[in-house]
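The listed protein sequences derive, respectively, from chains A and B. Those letters in the first sequence? Residues 1 to 373, by our numbering. Those letters in the second sequence? Residues 1 to 373, by our numbering.
Just so you know, not all the hints are guaranteed correct.
[To be verified] Once the Cα atoms are required to be at most 30 Å apart in a straight line, the calculated BS3-like pairs of lysine-lysine come out as:
id: 1; chain 1: B; residue 1: K84; chain 2: A; residue 2: K65
id: 2; chain 1: B; residue 1: K293; chain 2: A; residue 2: K293
id: 3; chain 1: B; residue 1: K39; chain 2: A; residue 2: K338
id: 4; chain 1: A; residue 1: K83; chain 2: B; residue 2: K7
id: 5; chain 1: B; residue 1: K283; chain 2: A; residue 2: K83
id: 6; chain 1: A; residue 1: K83; chain 2: B; residue 2: K39
id: 7; chain 1: A; residue 1: K293; chain 2: B; residue 2: K101
id: 8; chain 1: A; residue 1: K310; chain 2: B; residue 2: K283
id: 9; chain 1: A; residue 1: K84; chain 2: B; residue 2: K328
id: 10; chain 1: A; residue 1: K310; chain 2: B; residue 2: K7
id: 11; chain 1: B; residue 1: K371; chain 2: A; residue 2: K328
id: 12; chain 1: A; residue 1: K99; chain 2: B; residue 2: K371
id: 13; chain 1: B; residue 1: K335; chain 2: A; residue 2: K84
id: 14; chain 1: B; residue 1: K202; chain 2: A; residue 2: K99
id: 15; chain 1: B; residue 1: K129; chain 2: B; residue 2: K84
id: 16; chain 1: A; residue 1: K287; chain 2: B; residue 2: K7
id: 17; chain 1: B; residue 1: K328; chain 2: A; residue 2: K7
id: 18; chain 1: A; residue 1: K202; chain 2: A; residue 2: K226
id: 19; chain 1: A; residue 1: K101; chain 2: B; residue 2: K202
id: 20; chain 1: B; residue 1: K293; chain 2: A; residue 2: K83
id: 21; chain 1: A; residue 1: K70; chain 2: A; residue 2: K232
id: 22; chain 1: B; residue 1: K335; chain 2: A; residue 2: K7
id: 23; chain 1: A; residue 1: K287; chain 2: B; residue 2: K230
id: 24; chain 1: B; residue 1: K39; chain 2: B; residue 2: K83
id: 25; chain 1: A; residue 1: K310; chain 2: B; residue 2: K76
id: 26; chain 1: A; residue 1: K371; chain 2: B; residue 2: K84
id: 27; chain 1: A; residue 1: K310; chain 2: B; residue 2: K310
id: 28; chain 1: B; residue 1: K338; chain 2: A; residue 2: K84
id: 29; chain 1: B; residue 1: K99; chain 2: A; residue 2: K335
id: 30; chain 1: A; residue 1: K99; chain 2: B; residue 2: K328
id: 31; chain 1: A; residue 1: K83; chain 2: B; residue 2: K134
id: 32; chain 1: A; residue 1: K310; chain 2: B; residue 2: K293
[Stated by the list, open to error] Partial chain A-side listing against chain B, Cβ under 8 Å, derived:
id: 33; residue: P86
id: 34; residue: L304
id: 35; residue: K328
[To be verified] Every beta carbon over 12 Å from chain A, so not counted as near; a handful from chain B, in silico:
id: 36; residue: M137
id: 37; residue: Y258
id: 38; residue: E291
Source of the hints: derived by calculation from the structure; they are not laboratory data. As the structure is a computational prediction, the values presented were derived from the model and not from experiment. Think of the CB as a built atom: it goes at the ideal place given N, C-alpha and C, for glycine as much as any other residue.
There are 2 protein chains.
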Amino acid sequence: MKWSIEKNILLEALNDVTRALTQRTTIPVLNGIVFEINKEGISLLASDSELSIKVNIKENNINYKEGEGKVIIQSKSFVEMIKKMPTDIINFEVEDDLKIKIYSETNQYRLNGYNPIDYPNINMEANEKVIILKASMLKEVINQTSYALSNQEVRPLLTGLNLKINGDILECIATDSYRLAKKNIRLDNIIEDSINIVIPGKSIVELEKILCDDEENVEMYIFKNKILFKYKNIFLQSNLLEGAYPETNHFIPSDFAYMINLNLQDFYDAVDRAALLAENKEKNIIKVHIEGKNMVITSASNELGNAEEKLIIDSNNKESLNISFSSKYMLDALKVIKEENIFLLLNTDDKPIIIKPVTDETLLELILPIKTY
Amino acid sequence: MKWSIEKNILLEALNDVTRALTQRTTIPVLNGIVFEINKEGISLLASDSELSIKVNIKENNINYKEGEGKVIIQSKSFVEMIKKMPTDIINFEVEDDLKIKIYSETNQYRLNGYNPIDYPNINMEANEKVIILKASMLKEVINQTSYALSNQEVRPLLTGLNLKINGDILECIATDSYRLAKKNIRLDNIIEDSINIVIPGKSIVELEKILCDDEENVEMYIFKNKILFKYKNIFLQSNLLEGAYPETNHFIPSDFAYMINLNLQDFYDAVDRAALLAENKEKNIIKVHIEGKNMVITSASNELGNAEEKLIIDSNNKESLNISFSSKYMLDALKVIKEENIFLLLNTDDKPIIIKPVTDETLLELILPIKTY
Numbered sequence: 001m002k003w004s005i006e007k008n009i010l011l012e013a014l015n016d017v018t019r020a021l022t023q024r025t026t027i028p029v030l031n032g033i034v035f036e037i038n039k040e041g042i043s044l045l046a047s048d049s050e051l052s053i054k055v056n057i058k059e060n061n062i063n064y065k066e067g068e069g070k071v072i073i074q075s076k077s078f079v080e081m082i083k084k085m086p087t088d089i090i091n092f093e094v095e096d097d098l099k100i101k102i103y104s105e106t107n108q109y110r111l112n113g114y115n116p117i118d119y120p121n122i123n124m125e126a127n128e129k130v131i132i133l134k135a136s137m138l139k140e141v142i143n144q145t146s147y148a149l150s151n152q153e154v155r156p157l158l159t160g161l162n163l164k165i166n167g168d169i170l171e172c173i174a175t176d177s178y179r180l181a182k183k184n185i186r187l188d189n190i191i192e193d194s195i196n197i198v199i200p201g202k203s204i205v206e207l208e209k210i211l212c213d214d215e216e217n218v219e220m221y222i223f224k225n226k227i228l229f230k231y232k233n234i235f236l237q238s239n240l241l242e243g244a245y246p247e248t249n250h251f252i253p254s255d256f257a258y259m260i261n262l263n264l265q266d267f268y269d270a271v272d273r274a275a276l277l278a279e280n281k282e283k284n285i286i287k288v289h290i291e292g293k294n295m296v297i298t299s300a301s302n303e304l305g306n307a308e309e310k311l312i313i314d315s316n317n318k319e320s321l322n323i324s325f326s327s328k329y330m331l332d333a334l335k336v337i338k339e340e341n342i343f344l345l346l347n348t349d350d351k352p353i354i355i356k357p358v359t360d361e362t363l364l365e366l367i368l369p370i371k372t373y
Numbered sequence: 001m002k003w004s005i006e007k008n009i010l011l012e013a014l015n016d017v018t019r020a021l022t023q024r025t026t027i028p029v030l031n032g033i034v035f036e037i038n039k040e041g042i043s044l045l046a047s048d049s050e051l052s053i054k055v056n057i058k059e060n061n062i063n064y065k066e067g068e069g070k071v072i073i074q075s076k077s078f079v080e081m082i083k084k085m086p087t088d089i090i091n092f093e094v095e096d097d098l099k100i101k102i103y104s105e106t107n108q109y110r111l112n113g114y115n116p117i118d119y120p121n122i123n124m125e126a127n128e129k130v131i132i133l134k135a136s137m138l139k140e141v142i143n144q145t146s147y148a149l150s151n152q153e154v155r156p157l158l159t160g161l162n163l164k165i166n167g168d169i170l171e172c173i174a175t176d177s178y179r180l181a182k183k184n185i186r187l188d189n190i191i192e193d194s195i196n197i198v199i200p201g202k203s204i205v206e207l208e209k210i211l212c213d214d215e216e217n218v219e220m221y222i223f224k225n226k227i228l229f230k231y232k233n234i235f236l237q238s239n240l241l242e243g244a245y246p247e248t249n250h251f252i253p254s255d256f257a258y259m260i261n262l263n264l265q266d267f268y269d270a271v272d273r274a275a276l277l278a279e280n281k282e283k284n285i286i287k288v289h290i291e292g293k294n295m296v297i298t299s300a301s302n303e304l305g306n307a308e309e310k311l312i313i314d315s316n317n318k319e320s321l322n323i324s325f326s327s328k329y330m331l332d333a334l335k336v337i338k339e340e341n342i343f344l345l346l347n348t349d350d351k352p353i354i355i356k357p358v359t360d361e362t363l364l365e366l367i368l369p370i371k372t373y
């Protein structure tokens with residue numbers, strides 16, 4: 001088996017498939033990248049057994065190809081080797097003893113391969129129930145919610161993104177139980193069966209990186225225990241997390257004593273500055289005092305000193321309120337909003353804080369306050 | 001005491017003085033930056049007690065100034081605070097209780113200060129024996145030698161740069177005992193007393209970062225146990241390492257069996273590629289086989305595979321030679337050469353390897369080979 005391919009085309013494919021690799025695998029062959037040469041072209045596949053990514057390189061993007069079959073190349077330093085090859089066209093040749101020769105006129109690497117029979121069987125066939133979204137939309141949904149995913153394995157379901165479809169509404173929810181992000185979009189078609197699944201955080205974050213901010217279609221296929229995304233020449237398949245995702249709607253208040261309209265950037269900058277002197281470095285707690293048209297944000301560190309920020313606000317309530325929260329959580333929530341103005345919706349100092357873009361009803365973010373006195 | 005200053009001017013000064021700070025100090029006040037307000041302007045000073053850096057900001061770069069004296073501001077997050085201030089002009093006010101207020105119209109930080117009486121007395125007065133160099137020259141001398149400094153505290157002297165002056169020749173040497181870099185430059189004047197000192201590695205590396213690649217003069221003043229550099233509005237003073245630096249000249253061969261002329265970039269790239277499959281990750285050992293006009297560089301890793309690189313060379317010797325060395329050390333040595341071609345000067349597989357730019361006699365680099373068979 002032999003093939004020659006342009007460095008850039010190979011690197012682009014590697015950039016996508018290597019996202020499925022993990023350093024922590026206990027199965028040696030999963031450190032490898034599967035190259036399959038067939039009539040249609042060459043496909044690259046990598047998997048950590050939960051997340052699998054395949055890229056097809058079509059015939060017309062291949063300079064030369066001889067033979068058919070599979071070979072598994074160990075991935076350690078492989079991308080670096082390809083990047084550093086001295087020529088634009090790179091030649092591959094599989095030798096009898098599973099060794100893979102990668103070469104140009106003046107240099108060669110001979111790499112130890114893995115035996116293809118040791119590789120798990122990964123089936124990426126689609127079913128007939130396709131759900132279609134624009135890549136830019138799906139990328140935005142993930143971007144605006146995934147920051148709130150939990151990284152604590154104690155409650156595994158919260159490490160995943162909850163994806164629901166009812167009729168033509170797709171809704172995604174992420175929460176680590178201290179904060180929550182919820183985003184919905186309208187699909188072009190009504191989906192017959194309602195869907196309620198949980199996609200592992202790693203899979204969803206890697207999917208976001210693979211998607212470009214473009215208008216290409218992403219085909220989504222949902223199975224009993226896995227989900228498959230098709231985008232351009234890329235296939236991303238992930239297992240699903242098992243169990244019932246907690247119902248979160250009753251945590252979200254519907255009435256608010258305070259409806260405050262704020263300039264996003266001004267508020268972000270003030271919180272960001274105050275955060276530098278917040279006492280608890282993990283939560284970075286800051287205090288907000290609201291009174292009429294004035295908001296004062298303060299923080300204090302015994303060691304360093306204290307900070308005070310003043311903002312003029314537009315509020316519907318003249319009563320004063322003191323409320324404290326994690327500046328880190330607030331900044332994370334503000335970062336994903338693309339509008340100039342936001343609503344900060346408050347009740348009392350122990351009730352959830354809601355953040356919403358002023359004119360976009362599809363995104364809602366929630367942060368629990370922290371009682372400090 | 002009050003002053004107002006432009007954010008950019010302050011940040012530029014902070015960028016230089018904070019290089020003297022260390023995270024590891026056991027003297028709390030050395031975490032601070034000394035602001036001294038006097039008739040001439042404002043000076044900033046920081047020190048880790050071995051290295052001290054002072055920047056003078058002249059009157060015409062200060063927007064407002066009232067009172068005279070010293071105040072010490074804790075440096076933790078201080079640069080970030082200044083960067084994030086919402087206005088271009090930043091106001092400072094020292095309060096009675098050693099607190100420093102940093103403020104704009106809409107925000108303020110109140111930072112805990114240190115008591116100036118706790119700060120060590122740092123004398124940065126010059127003497128009459130000035131040695132003058134161009135900044136770009138001094139920067140190059142440091143750049144071309146400092147990579148070879150030892151970071152092992154076992155032999156403290158080798159962590160410093162050996163600076164010698166004899167007549168009008170200034171020579172710098174760095175070695176970690178496995179490799180060596182030696183560079184000399186000609187001074188404009190003959191210096192009467194010969195000089196042989198060792199400057200701590202940290203001081204010399206920070207000096208290199210402060211110097212621009214320009215034709216400004218650097219004034220150098222050498223004392224019994226310290227050295228002072230004056231460059232533009234910056235003063236950098238360092239203690240010297242005590243003891244006699246080892247005499248290294250007799251390690252450097254003067255005759256060579258092989259004098260090989262190589263294109264720097266081709267050789268660098270070949271070594272760099274072979275290094276990816278070198279067995280010992282720390283030393284990254286690669287082998288070179290020379291025979292007539294051919295050089296073959298190889299490396300092998302039990303786990304991953306092996307690499308082979310071919311180069312056509314210009315050598316004065318047809319006898320074959322095998323020699324092994326650390327690819328990391330070779331790449332470090334090649335990185336600081338600015339010419340297109342180098343000489344690789346060899347004898348046998350256990351004798352030092354010398355690397356020199358083809359037309360520049362002022363730089364010499366040495367690497368010890370590694371016996372692998």
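May I ask which of the numbered hints given earlier this structure violates, with the numbers listed in increasing order? 1, 2, 3, 4, 6, 8, 11, 14, 15, 19, 23, 27, 29, 31, 32 and 35
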